[in-house]
Amino acid sequence: MRFQTIIEPFRIKTVEPIRQTTVAQRAAALEAAHHNVFLLQAEDVLIDLLTDSGTGAMSVHQWSGMMKGDESYAGARSFAVFERAVRDITGFAHVIPTHQGRAAEHILFSTMVRPGDVVPNNTHFDTTRANVQDRGGLALDLPAAEARDPHVAHPFKGNMDVEALERTLIDNPRRVPLVMITVTNNSEGGQPVSLENVRAVREVCTRHGVPLFIDACRFAENAWFIKTREPGYADCTPHEIARAMFALADGCTMSAKKDGMANIGGFLAMNDPELALRCRTRLVLTEGFPTYGGLAGYDLEAIAVGLHEALDEDYLRYRVRSIAYLGEKLTAGGVPIVTPTGGHALYLDAKRWLPHIPQSQYPAWALSLVLYVEGGIRAAEIGSVMFGLQPDGSERPADLELVRLAFPRRVYTQSHVDYVAEVVLHVGTLADRIRGVRIVQSPPVLRHFTSHFAPVADTLVSR
Amino acid sequence: MRRESWAEPWRVKVVEPLRITTRAERERAIREAGYNTFLLRSEDVYIDLLTDSGTSAMSDRQWAGMMLGDEAYAGSRNFYSLQNAVLRYYGYPHLIPTHQGRGAEHILSRILISPGDHVPGNMYFTTTRVHQELAGGTFHDVIIDEAHDPASEHPFKGNVDLAKLDAVVQRYGAPRVPYVSVAATVNMAGGQPLSLANLREVREYTRAHGIRVILDATRAVENAWFIQQREPGQRGRRIDDILHEMCDLTDGATMSGKKDSLVNIGGWLGLRDERLAERARNLVVVYEGLHTYGGLAGRDMEAMAIGIEESVQEDHIRSRIGQVLYLGEQLIAAGIPIVRPIGGHAVFLDAAAMLPHIPREQFPAQSLAAALYVASGIRAMERGAVSAGRDPASGENRYPPLELVRLTIPRRVYTQAHMDVTAESVSTVYDARHRVRGLRFTYEPAMLRFFQARFEPVDAPVRRDADADPAGRMNDARSVSAA
Numbered sequence: 000m001r002f003q004t005i006i007e008p009f010r011i012k013t014v015e016p017i018r019q020t021t022v023a024q025r026a027a028a029l030e031a032a033h034h035n036v037f038l039l040q041a042e043d044v045l046i047d048l049l050t051d052s053g054t055g056a057m058s059v060h061q062w063s064g065m066m067k068g069d070e071s072y073a074g075a076r077s078f079a080v081f082e083r084a085v086r087d088i089t090g091f092a093h094v095i096p097t098h099q100g101r102a103a104e105h106i107l108f109s110t111m112v113r114p115g116d117v118v119p120n121n122t123h124f125d126t127t128r129a130n131v132q133d134r135g136g137l138a139l140d141l142p143a144a145e146a147r148d149p150h151v152a153h154p155f156k157g158n159m160d161v162e163a164l165e166r167t168l169i170d171n172p173r174r175v176p177l178v179m180i181t182v183t184n185n186s187e188g189g190q191p192v193s194l195e196n197v198r199a200v201r202e203v204c205t206r207h208g209v210p211l212f213i214d215a216c217r218f219a220e221n222a223w224f225i226k227t228r229e230p231g232y233a234d235c236t237p238h239e240i241a242r243a244m245f246a247l248a249d250g251c252t253m254s255a256k257k258d259g260m261a262n263i264g265g266f267l268a269m270n271d272p273e274l275a276l277r278c279r280t281r282l283v284l285t286e287g288f289p290t291y292g293g294l295a296g297y298d299l300e301a302i303a304v305g306l307h308e309a310l311d312e313d314y315l316r317y318r319v320r321s322i323a324y325l326g327e328k329l330t331a332g333g334v335p336i337v338t339p340t341g342g343h344a345l346y347l348d349a350k351r352w353l354p355h356i357p358q359s360q361y362p363a364w365a366l367s368l369v370l371y372v373e374g375g376i377r378a379a380e381i382g383s384v385m386f387g388l389q390p391d392g393s394e395r396p397a398d399l400e401l402v403r404l405a406f407p408r409r410v411y412t413q414s415h416v417d418y419v420a421e422v423v424l425h426v427g428t429l430a431d432r433i434r435g436v437r438i439v440q441s442p443p444v445l446r447h448f449t450s451h452f453a454p455v456a457d458t459l460v461s462r
Numbered sequence: 000m001r002r003e004s005w006a007e008p009w010r011v012k013v014v015e016p017l018r019i020t021t022r023a024e025r026e027r028a029i030r031e032a033g034y035n036t037f038l039l040r041s042e043d044v045y046i047d048l049l050t051d052s053g054t055s056a057m058s059d060r061q062w063a064g065m066m067l068g069d070e071a072y073a074g075s076r077n078f079y080s081l082q083n084a085v086l087r088y089y090g091y092p093h094l095i096p097t098h099q100g101r102g103a104e105h106i107l108s109r110i111l112i113s114p115g116d117h118v119p120g121n122m123y124f125t126t127t128r129v130h131q132e133l134a135g136g137t138f139h140d141v142i143i144d145e146a147h148d149p150a151s152e153h154p155f156k157g158n159v160d161l162a163k164l165d166a167v168v169q170r171y172g173a174p175r176v177p178y179v180s181v182a183a184t185v186n187m188a189g190g191q192p193l194s195l196a197n198l199r200e201v202r203e204y205t206r207a208h209g210i211r212v213i214l215d216a217t218r219a220v221e222n223a224w225f226i227q228q229r230e231p232g233q234r235g236r237r238i239d240d241i242l243h244e245m246c247d248l249t250d251g252a253t254m255s256g257k258k259d260s261l262v263n264i265g266g267w268l269g270l271r272d273e274r275l276a277e278r279a280r281n282l283v284v285v286y287e288g289l290h291t292y293g294g295l296a297g298r299d300m301e302a303m304a305i306g307i308e309e310s311v312q313e314d315h316i317r318s319r320i321g322q323v324l325y326l327g328e329q330l331i332a333a334g335i336p337i338v339r340p341i342g343g344h345a346v347f348l349d350a351a352a353m354l355p356h357i358p359r360e361q362f363p364a365q366s367l368a369a370a371l372y373v374a375s376g377i378r379a380m381e382r383g384a385v386s387a388g389r390d391p392a393s394g395e396n397r398y399p400p401l402e403l404v405r406l407t408i409p410r411r412v413y414t415q416a417h418m419d420v421t422a423e424s425v426s427t428v429y430d431a432r433h434r435v436r437g438l439r440f441t442y443e444p445a446m447l448r449f450f451q452a453r454f455e456p457v458d459a460p461v462r463r464d465a466d467a468d469p470a471g472r473m474n475d476a477r478s479v480s481a482a
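The listed protein sequences derive, respectively, from chains A and B. Using numbering that gives the first Met the number 0, the first residue of the first sequence is number 0, and each one after it goes up by one. Using numbering that gives the first Met the number 0, the first residue of the second sequence is number 0, and each one after it goes up by one.
To be clear, the hints were calculated from the coordinates, so they are not data collected in a lab. Think of the CB as a built atom: it goes at the ideal place given N, C-alpha and C, for glycine as much as any other residue. A few of these clues could be false.
What the hints assert, rightly or not - Taking lysine to aspartate or glutamate pairs in the EDC-like style, the calculated list, with each CA pair at most 16 Å apart, reads:
no.: 1; chain 1: B; residue 1: 163; chain 2: B; residue 2: 200
no.: 2; chain 1: A; residue 1: 67; chain 2: B; residue 2: 15
no.: 3; chain 1: A; residue 1: 67; chain 2: B; residue 2: 42
As the list claims (entries may be wrong) - Label-pair distances were calculated between CB atoms; the ranges are:
no.: 4; chain 1: B; residue 1: 313; chain 2: A; residue 2: 413; range: 47 to 57 Å
no.: 5; chain 1: A; residue 1: 439; chain 2: B; residue 2: 240; range: 55 to 65 Å
no.: 6; chain 1: B; residue 1: 235; chain 2: A; residue 2: 87; range: 52 to 62 Å
Chain A extracted, bound-state conformation (with noise of 0.2 Å):
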């Protein structure tokens, strides 16, 4: 007979002890922290689910990868394995590795985009943005219609919005450098793109002689989805729809901290020659050698094993369907989510569960503190706080207010799982009691990261 379970397509080779902690120790460690789950020591949290970026579990072979990196300042044998697995991949010519994604974002803007340029996005990630935006460029987020509404349940909402795209490009002669292309689409909930969108993408990028790169942090996980969702890929691997994928791209930014399987590491990989001779005259700036571009042999060895093992089809089955099983327990258990449940994370839709709290007072972040008192859980708001304010200081909401649990790979089991799935429902009960915060110190830029808040009245959750 043919099993339903899905188990963990490996067993545990090295563990790492995580602390209990009481209500009490957490509310102290949370006021310590300004109310900010990012400025929290990582041993106060009990299940850190604040991203999968560069969080994941090396494997055995990421392991004896490490133990053969060439740390030879040029032309290290590290690095023609890593251009390799690079290439085979996504088929571009010119492989550049970064210390990490936001690197390879730095890079490739500042060689491309000037005061002034748009670049358009299905929707730019935070980090993305903030590059975009120290270019003096504007970031115009594009998606797809359907990906507004959390509630609608299309298989691709991650797509970017075509006509509005060839719209922007008419309006804009000359000011696009370049089209970018989010997959998984991480902002709006890790929804995944078509491949047919993508096609599209390329055809309309085509026709106004503009190149398209994709981010193309979480690729493998896009490539998963396709395969299950679009008509006509079922039979192909992975590896197949992602060369399929890339092939449609000019080039691609990534971070190897999510399906490179690394805790460390990116790249930046294109076509154009010309272009790539002054990406890497901007890398030994600020990153390193072209050769190894900041990074460790040791990491270029891991990021190689861990391209193509997260194109492993049981890896993905599992991957995919563990944010799934959290979704259904949520899901009956009547907490609004994103849905479908995306590739990386499961995203809560503190919107609707919140109501009563303006957004002007945050209901997503303020959803996140409560999750750590309550439970230990660490998640990210991603709501407007991130995403509200903008470039000339004003304030905005933004359209969604979400937090997400995002899965660090290969770590936690089902029963941690379990215990999250209890945690958020508890928190269910607390939901109309839960009261807003306020800033009360923020940076210019990226202010998620490091500003101080406080919550509007005396206690986050009200007697």
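Based on the hints, put chain B in the right spot on chain A.
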């Protein structure tokens, strides 16, 4: 005088095999690399003395620390280990980790330098000066004259000349001088230290004028060892004590952990001023990573914290610098002109003195490094006119007084036998020095050109532009057109 022999204060735990190549293979490899040792594949190199940066062997304790990596995105415990180690040994209360030293230089230049500012320093360093210039600043060399004389035996050739510093401050006014950049040791002068007495004078002077002092602490532990060995009254002091006092005399530091701290990746920015640190944290998140990881894996911060502690151990630093001295003394005995006294992390061959038949505009140091590789498979680095680049205003080549080839010794990697081979190889090239030919550019990048430049021998037939391969071997893959 009794020669004190020294032995490494460790034994070997993990090895990495080396490949020995033939002369024909090396001739092909250097041609393909455009006569630039940076562009060689490490597999084609026998003894790699290109740099001591990130090339060290970690200890078993550091590898154990690697397994203690806490990869939490925010608040990793490894950040606190690193913060404690920096506070204890360097004394800076505010620590901002960065993926490596140039990440820290980038952030520092952005927060301290305004367009039109002037930054005095004890000799330029390649990446440091570029970041100062990109931020709109102008660098002024205020090192003592002895530093530019490879034969001078001055014990502290890295010292700042207070009169030169004062001249810069008088000319532009203290408000236009955001800080004095003090490197310990001074890499481009030949790994030469500055004295504690000199640093105290710099501190007194800058305090009187309201100017900050920022230390390039990359090899400050090695500098502390020279202070202990050479400076009157410092003989009995502990290395960590001297290091701490050096840092006490400064307002902040940029650090590449890839040198003194015995790691393969990592750096940091240390500051005393809380408000400056706040601005640095706001920038580090854009370019490097959140301020509790700064673009490093948690395990890398742990390895660096342990490496810092290992780096200040007397046995370690004695054998580290002892190995460099061992190589340098052999070369001196063979009559080869090197920078004197022997520096902390490298032996610097005086290419201008070795190859007087090659004019400066044909890059004698670049030529010597290529010749050394072909002769023996040893990879060294040019530190002369190619590294110095062009003047941003005039576009002319800068010809620094020193035209050197650096034989840089990675920490804990090579044995005394490797040093013997190196000394023999350099002697062989020296004996045949009249056969070494000069080089000319075939491709010259706009910034930090030494990394990716390509050359050909001056007596090669001049190539048409169409034959030039500016992108070089790293671009050798056929371009795959987008579908």
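The hints, checked one at a time:
1. B:163 / B:200: holds, 13 Å
2. A:67 / B:15: holds, 8 Å
3. A:67 / B:42: With Cα atoms ~13 Å apart, residue 67 (chain A) and residue 42 (chain B) stay inside 16 Å; holds.
4. B:313 / A:413: 47 to 57 Å: Since residue 313 (chain B) and residue 413 (chain A) have Cβ atoms about 53 Å apart, the given range 47 to 57 Å holds.
5. A:439 / B:240: 55 to 65 Å: For residue 240 (chain B) against residue 439 (chain A), whose Cβ atoms are near 41 Å apart, the range 55 to 65 Å is violated.
6. B:235 / A:87: 52 to 62 Å: holds, 60 Å
Of the hints listed earlier, the one the structure fails to meet is number 5.
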